[in-house]
Structures are given as C-alpha cells and as structure tokens.
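*Asks:* Here is how the chains run, residue by residue.
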Amino acid sequence: DAGVIQSPRHEVTEMGQEVTLRCKPISGHDYLFWYRQTMMRGLELLIYFNNNVPIDDSGMPEDRFSAKMPNASFSTLKIQPSEPRDSAVYFCASSATGEHSPLHFGNGTRLTVT
Amino acid sequence: GQQVMQIPQYQHVQEGEDFTTYCNSSTTLSNIQWYKQRPGGHPVFLIQLVKSGEVKKQKRLTFQFGEAKKNSSLHITATQTTDVGTYFCADRNAGGTSYGKLTFGQGTILTVHP
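Residue numbers (the working numbering), protein chains in the order written: chain A, 1 to 114; chain B, 1001 to 1114.
Worth double-checking, as some hints may not be accurate.
Said to hold, decoys possible - Mimicking DSS-like on lysine-lysine, the simulated pairs with C-alpha atoms at most 30 Å apart in a straight line are:
| id | chain 1 | residue 1 | chain 2 | residue 2 |
| --- | --- | --- | --- | --- |
| 1 | B | K1070 | B | K1051 |
| 2 | B | K1057 | B | K1036 |
| 3 | B | K1036 | A | K68 |
| 4 | B | K1069 | B | K1057 |
| 5 | A | K68 | A | K78 |
| 6 | A | K24 | A | K78 |
| 7 | B | K1036 | A | K24 |
| 8 | A | K78 | B | K1036 |
| 9 | B | K1070 | B | K1057 |
Don't read these hints as lab results, they were simulated from the structure.
Only chain A is shown next, with the shape it has when bound in the complex:
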C-alpha cells in the first residue's frame, strides 16, 4: 500500500496566483480529509468528504478556498487567489468507514505565498 499521496511536496507562489494541491487517498478508504497546519492555529480541519461527497466544509476559511473530489481516488484543494496568510502545511488524510477508524496522513504540501 503506497499510503496517501500528496503533490506537490513544496509550492512557492506569488500572492494572487492560483494554487492547486492534490491528494490520492488509500484505495478502499471512503473518507478524505483536508487539514491545514500552522504554528499559530495548529491542525485545522478544512473540509472532509465521505464517498466523494463533502460532508462538512465549515472549516474552509473563505471563498478563495475550494475542494473537490471527482472520484474515489483523487481530490484537489484550490486557493484562488492566494495570499501570504495562506502559507502553511496542508495535509490530506483518508480513513475507512467507522468512527473507530484511524486517519492515514499524506506527507503534506508546504505552501509558501510571497
């Protein structure tokens, strides 16, 4: 099992540019989560999906952020336009069904917006 795969590992972009982060969950997992991590705010849940359907997007900061899951093996998190305060590490995680299932995290994407 390759685990959760995220790309890119690092992204440096200028303010105002569009950023797209990608995630491939573990095969067979039907939950997918997007988290953002900063020193100030810790691990924040942005949005999560079940069976490709967004369940809770209350953590999405504002309209500049959007997430999609077109199929069971792919999800994107898009920021348009990006701002310096979006600089953070973005993690994708997946899990099997059930409240007892652990989350498996990808290696994250470190985003720097200058």
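Position chain B relative to chain A; hints supplied.
*Replies:* Then chain B, alone, in the frame of chain A:
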C-alpha cells in the same frame, strides 16, 4: 466533532524523565484517538480509546480514558530522544450530521534533552 483542550502546550524534559499530556472536553467524547507527529513529519496514529475508564499500553506509553469520557491522558515513562515530537489527541464524531469528523486538540510539543 467536539472541542478538546490539550495541555501543556510545551514540555521540556531530560532524557529518562516521565512525560504526561492531558486532553479535556466539556462534553462527553465519542472516542479518543492519539497521534504523534515527528518534527517535519505528518501525524501518525498511535492508539484509540473507546470505553469509559479504558487503559492501554504500548511499551513505555500508557493511554487512559476518563470514567466520564471527558478526558484522556498519555503518559510516557523514562523518555528517550526518539520520543521527541508533537502529541495530539483527537475526537472522532460518532453521530449526527458530522459523523466521522475528526477534530484535533492543540497538541503538546515534547522536547527531550539528552
């Protein structure tokens, strides 16, 4: 998910000393999951507690779930430099419209001085 408060935020110990981090909630938790994140890494699942008063051990790590399921603790006996990292507790929602949602505590950053 419910809000879980985790203390302390930081803990510095000498190698060989014990370490404990605590999670507290004002409401009953569905279950508690514990994760460890090494510096520069991603959160990795350690263990889950489900039952009231449950105690689980992993080598030098002891995990407890309170009788009222409103608090949990992680205790490390005789810390080693390999224990360095951030320890998170997390509550996974077991019901309602946000079923499956996983909300993290703020984490405790552990440093171990050799």
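*Asks:* With the threshold set at 30 Å, check whether the alpha-carbon distance from K24 of chain A to K78 of chain A stays at or below it.
*Replies:* 15 Å, holds
*Asks:* For the pair we were handed, K1036 of chain B and K24 of chain A, check the Cα-Cα distance against 30 Å.
*Replies:* 22 Å, holds
*Asks:* For the pair supplied as a hint, K1070 of chain B and K1057 of chain B, confirm whether the alpha-carbon distance does not exceed 30 Å.
*Replies:* 20 Å, holds
*Asks:* Hint check: K1069 of chain B vs K1057 of chain B, CA-CA at most 30 Å. Holds or violated?
*Replies:* 18 Å, holds
*Asks:* Between K1070 of chain B and K1051 of chain B, does the CA-CA distance stay at or below 30 Å?
*Replies:* Measuring from Cα to Cα gives roughly 11 Å; hence the hint holds.
*Asks:* Given the hinted pair K78 of chain A and K1036 of chain B, is their alpha-carbon gap at most 30 Å?
*Replies:* Roughly 27 Å separates the two Cα atoms, so the pair holds.
*Asks:* With a cut-off of 30 Å on the C-alpha distance, tell me whether K68 of chain A and K78 of chain A pass.
*Replies:* Answer holds: K68 of chain A to K78 of chain A is near 9 Å, not above 30 Å.
*Asks:* Are the Cα positions of K1057 of chain B and K1036 of chain B separated by 30 Å at most?
*Replies:* Holds, at roughly 15 Å.
*Asks:* CA of K1036 of chain B to CA of K68 of chain A, is that 30 Å or under?
*Replies:* 28 Å, holds
Of the numbered hints listed earlier, not one is contradicted by the structure.
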